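Protein chains in written order, with our numbering: chain A, 169 to 285; chain B, 5 to 868.
Calculated from the structure, these hints are not laboratory results.
Any given hint could turn out to be false.
Capping the alpha-carbon separation at 27 Å, the derived lysine-lysine pairs in BS3-like fashion look like this [to be verified]:
| no. | chain 1 | residue 1 | chain 2 | residue 2 |
| --- | --- | --- | --- | --- |
| 1 | B | Lys11 | A | Lys237 |
| 2 | B | Lys589 | B | Lys324 |
| 3 | B | Lys294 | A | Lys249 |
| 4 | B | Lys589 | B | Lys542 |
| 5 | B | Lys589 | B | Lys311 |
| 6 | A | Lys249 | A | Lys237 |
All values derive from a computational prediction rather than experimental measurement.
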Amino acid sequence: MTSKAQQRSNVVQGTLDMLILRTLLYGPAHGHQIGKHIQRTTNDFLQMQHGSLYPALHRLERRGWIVSKWETPPDRNREFKYYRLTDKGRKQLVVEESQWKQMSEAVARVMWPAEEI
Amino acid sequence: MRWWQIKRRDQDLELELQSDLELEEEELRERGLSGEEARYAARRALGNTTLIREQTRAVWSGAWIESVMRDLRYGFRGMRRNAGSTVFAILIVGIGIGGASTVFSVVNALLLRPLPFRDPGQLVWISNGENYSTQSEHYVDLRNQNHSFADLAGWSGAYSPGNMELTGTGEPERLTGVPVTENLFAMLGVEPAIGRSFTKEECEGKYDAPLAVVLSNSFWRRRFASEPSVVGRALTLDSRPVTVVGILPASFDFASVFAPGAPIDVFIPWPLADKAKPQGNTMAVVGRLKPGATIAGAQAELAGLAKQLESQHPERNTIKPRLVPLEQHVSGQVRPALMVLMCAVVAVMLIACANLSHLQLARMGARQKEMVMRAALGAGHFRLLRQVFTESLTLSGCGASVGLLFAVLGTRELAHLQAFNLPLLESVRVDGKTLAFTLLATIATGVLFGLAPALQVSAYKLREGLQDASHGSSSNRRHGWFRDGLVISEFALACLLLVGAALLIQSFLRALDVNLGFQPERAAALRIDPSFQISTAKQANAFIDDVLQRVRAVPGITAAGIGDILPLDGDRGWQVGAKGQVYDKSNHPEAFIRVVTDGYFDALRIALKSGREFAQTDRETSEPVVMVNETLARTLWPGQNAVGKMVTQDGGRKVIGVVADVHHGGPERQGGSEMYMPMRQTGDYAAMRLVVRTALPPDSLAAGIRTALQPIDPNLPVTEFQTLQGLVDKVMSPRRFLVMLLSGFAGFALLLASLGIYALISYSVNQRTKEIGIRMAMGASSWLVQRDVLTKTLRLAIAGVLVGTLGSFALSKWIESLLFDTASTDPAVISGVILLLCSVALVAGYVPARRASRIDPMRALRTE
Numbered sequence: 169m170t171s172k173a174q175q176r177s178n179v180v181q182g183t184l185d186m187l188i189l190r191t192l193l194y195g196p197a198h199g200h201q202i203g204k205h206i207q208r209t210t211n212d213f214l215q216m217q218h219g220s221l222y223p224a225l226h227r228l229e230r231r232g233w234i235v236s237k238w239e240t241p242p243d244r245n246r247e248f249k250y251y252r253l254t255d256k257g258r259k260q261l262v263v264e265e266s267q268w269k270q271m272s273e274a275v276a277r278v279m280w281p282a283e284e285i
Numbered sequence: 005m006r007w008w009q010i011k012r013r014d015q016d017l018e019l020e021l022q023s024d025l026e027l028e029e030e031e032l033r034e035r036g037l038s039g040e041e042a043r044y045a046a047r048r049a050l051g052n053t054t055l056i057r058e059q060t061r062a063v064w065s066g067a068w069i070e071s072v073m074r075d076l077r078y079g080f081r082g083m084r085r086n087a088g089s090t091v092f093a094i095l096i097v098g099i100g101i102g103g104a105s106t107v108f109s110v111v112n113a114l115l116l117r118p119l120p121f122r123d124p125g126q127l128v129w130i131s132n133g134e135n136y137s138t139q140s141e142h143y144v145d146l147r148n149q150n151h152s153f154a155d156l157a158g159w160s161g162a163y164s165p166g167n168m169e170l171t172g173t174g175e176p177e178r179l180t181g182v183p184v185t186e187n188l189f190a191m192l193g194v195e196p197a198i199g200r201s202f203t204k205e206e207c208e209g210k211y212d213a214p215l216a217v218v219l220s221n222s223f224w225r226r227r228f229a230s231e232p233s234v235v236g237r238a239l240t241l242d243s244r245p246v247t248v249v250g251i252l253p254a255s256f257d258f259a260s261v262f263a264p265g266a267p268i269d270v271f272i273p274w275p276l277a278d279k280a281k282p283q284g285n286t287m288a289v290v291g292r293l294k295p296g297a298t299i300a301g302a303q304a305e306l307a308g309l310a311k312q313l314e315s316q317h318p319e320r321n322t323i324k325p326r327l328v329p330l331e332q333h334v335s336g337q338v339r340p341a342l343m344v345l346m347c348a349v350v351a352v353m354l355i356a357c358a359n360l361s362h363l364q365l366a367r368m369g370a371r372q373k374e375m376v377m378r379a380a381l382g383a384g385h386f387r388l389l390r391q392v393f394t395e396s397l398t399l400s401g402c403g404a405s406v407g408l409l410f411a412v413l414g415t416r417e418l419a420h421l422q423a424f425n426l427p428l429l430e431s432v433r434v435d436g437k438t439l440a441f442t443l444l445a446t447i448a449t450g451v452l453f454g455l456a457p458a459l460q461v462s463a464y465k466l467r468e469g470l471q472d473a474s475h476g477s478s479s480n481r482r483h484g485w486f487r488d489g490l491v492i493s494e495f496a497l498a499c500l501l502l503v504g505a506a507l508l509i510q511s512f513l514r515a516l517d518v519n520l521g522f523q524p525e526r527a528a529a530l531r532i533d534p535s536f537q538i539s540t541a542k543q544a545n546a547f548i549d550d551v552l553q554r555v556r557a558v559p560g561i562t563a564a565g566i567g568d569i570l571p572l573d574g575d576r577g578w579q580v581g582a583k584g585q586v587y588d589k590s591n592h593p594e595a596f597i598r599v600v601t602d603g604y605f606d607a608l609r610i611a612l613k614s615g616r617e618f619a620q621t622d623r624e625t626s627e628p629v630v631m632v633n634e635t636l637a638r639t640l641w642p643g644q645n646a647v648g649k650m651v652t653q654d655g656g657r658k659v660i661g662v663v664a665d666v667h668h669g670g671p672e673r674q675g676g677s678e679m680y681m682p683m684r685q686t687g688d689y690a691a692m693r694l695v696v697r698t699a700l701p702p703d704s705l706a707a708g709i710r711t712a713l714q715p716i717d718p719n720l721p722v723t724e725f726q727t728l729q730g731l732v733d734k735v736m737s738p739r740r741f742l743v744m745l746l747s748g749f750a751g752f753a754l755l756l757a758s759l760g761i762y763a764l765i766s767y768s769v770n771q772r773t774k775e776i777g778i779r780m781a782m783g784a785s786s787w788l789v790q791r792d793v794l795t796k797t798l799r800l801a802i803a804g805v806l807v808g809t810l811g812s813f814a815l816s817k818w819i820e821s822l823l824f825d826t827a828s829t830d831p832a833v834i835s836g837v838i839l840l841l842c843s844v845a846l847v848a849g850y851v852p853a854r855r856a857s858r859i860d861p862m863r864a865l866r867t868e
């Protein structure tokens, strides 16, 4: 069980942080929303494991890229822990985005060499 | 994050996950699932919350402390559940680590810690030839002419315990005083704690009338109760006033470095220019190398200088400077013994680890179901490993605290053992380095014996474990060879230790058995130097006659005589020769010189071989006579009868008797030549020691002798009787020290090995209860079952002993230097050890074997 979860999370590991940061660009969200958003946007291709999502959230918070606060949404009568992007987080997102772009372009050039250029 | 914030964080995370779960459940319900189904589906989707929490917590810094605390708590709970075996394990670790730390602190004090001087690496011991003293004239010339040394300094090696007498204030007392050169303390880098060292003027006085004295710290504390105002005060030493000019610091213990076992009370200046100072080779020399100078270079330079000096001064004694680093001179002799002890300690620790490893394996076996369950519930592989190691480290940590207690007590005991003739023993204590060593040993122990159970963690597979956690499972069989290996190595190591200990015990016994040439039992000595001045030979002889007559009248005294030096205690010697014979200068016979009265040989039971002993009638007016030992008789007059021959001493003395050789350097050294001079015919002695042989315990006679001597000398200082046996014990003490510790370790190793094999055999009998039951049901006799178990025990023991014996052969060269009159592969010793180990194994195996033979087949089959 454990090993399976770890395997999956390892695959996502590099990009998970970026995905979370990107999701938070729309505005504050709590863990469940973040997970669901990523899952739905990728048409359930990326299954969000809680075992990687929550450690990742706490890791990002420790690095100061996001901050958290317990808040009650207008349509609810209980508090949720909302994560919010910080300035540092925005900058990080730009960095990771460009890295990812370079990476995927590089991979694409190897995989489908004739199509462009 | 601070660790106390972790709890709050954790609650926070729990709420967060809880809200996630609720939202998921809500969504699922909206999709049309029933309440119950939605809840389960949501839980499934969330997964293992505990694991998520653990993994998230791992992100927080400092969280590991909290989880370690939890492991610790859990470990302690487990230890409490198994209180018996836990106490056993802690004790084993405690004794092991206690012994190791004690030996380490001895090694630390004697070998690792630098000598208590400034820059001790630059200090060099300069002996003359093998290990003789240097003539002070040579010292002065060497000091002035050499270019390798920043300075040379020295002290008189000719002092003897109790060579000075303190009178005037308080009880009269005999003190031990060392004449030192002016610069000794400065050269060593020792500053007096109070006051100052000697001045130039104080070092230019008369040898037997010192102007100033420096007190050792221990004497100052004992006699003057650490009173600082004693500096500047005048004391009466040997009936002459001297001024106390300084007190040495407590860190400088001259005796413990240079003369272990014989405390020094005072230091007096040594006026090198005074013609009345002791002649001959009397000076111990130490030098401090100039920065950049090497020992080899200095050796070459001094050798060259010595050659020059010998040709310039043919009247002086020969000189052959031999340089060794001071550290090597001080502790070099004990190094091999300490290395052996250190290795013994490591072997004991390894045996203890093997034992505990086995214990932990058995415990893990019992907890297999628990571990498998935890693995099934999602505990990570690493998590379980950490649990195992936390437990073994907790155990070794508890053991180490017990061990540290042992070490503190042990070192304190050792440091106060004046009886041991070992350098620097007083400075043995548990210091930072020892604590670091203990910590290291603790961790190594914990990891080592946690290793086997940890390896087993990988074997925890869910299905296999739950189905098969009972006896006789495959994992147990897999680990069977490992357990056997543990016991075999325990026996091999124990065998090594026992062989080493037995060889040393044999050496010790052989050394005890040596005929010393005198009989120390029931012989005792007491200093009786008169407190008044004696100026003529007649006066001295009257005193001697009076003392001997009165002492011999004391009931219980069977023989009494007076001598200047006791056997094993002091080595005064010079060149001797037969009259009319010419000797090569470099090869001149030398002899130890003893000045004695009649009765001395009787009191010590030194056998007369031919001729006669000194008599009361050999006095200042009669013919000059002398006695020699057999070696000297053989050296001077080979193949002839020495009695009646003349020696050159004092212009010619006639040999009247030959006595047996005395081992003056201890039982392990040959005695060498000795010449005895009658005390009534010479004034050339530094001490008067009454030697008596008693029919009663010597202690009970001291008072009687003092009363008997009261009329002759009312101021006779109160000193204790010194038994000759005590002197012998002191010479034997380094060997006894080694034998004691090593036998202790070997005994402990034997105990551990026997417990180990007992535990293994018991375990295997328990595992095979069913099989044995079946065999007995099929008709195997109880004797057959017993024989089976015993055979297995013996097979393991013999395998171990075989490895150990081979090992002891391989290491035999190594211990050879420590043995006396014993071969390192002594067949009797080795076969004795083999026999001992096998019989111990049989006894240890007999208990479980008996249990096996009593197994009730019906019950055994039903238990499964």
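Evaluated hints:
1. Note on Lys11(B) and Lys237(A): the hinted pairing holds, with a Cα-Cα distance of about 18 Å set against a maximum of 27 Å.
2. A threshold of 27 Å between alpha carbons decides the hint, and for Lys589(B) with Lys324(B) the separation of about 14 Å falls inside it, so the pair holds.
3. For the given pair, Lys294(B) sits about 74 Å from Lys249(A) by alpha-carbon distance, which is inconsistent with the 27 Å threshold.
4. Proximity of Lys589(B) to Lys542(B) is assessed by CA-CA distance (about 37 Å); at most 27 Å being required, the pair is judged violated.
5. This hinted pair checks out: Lys589(B) and Lys311(B) have alpha carbons roughly 14 Å apart, not beyond 27 Å.
6. Taking the CA atoms of Lys249(A) and Lys237(A), the gap is about 5 Å. The hint holds against a cut of 27 Å.
In this structure, the earlier hints numbered 3, 4 are contradicted, and the remaining ones agree with it.
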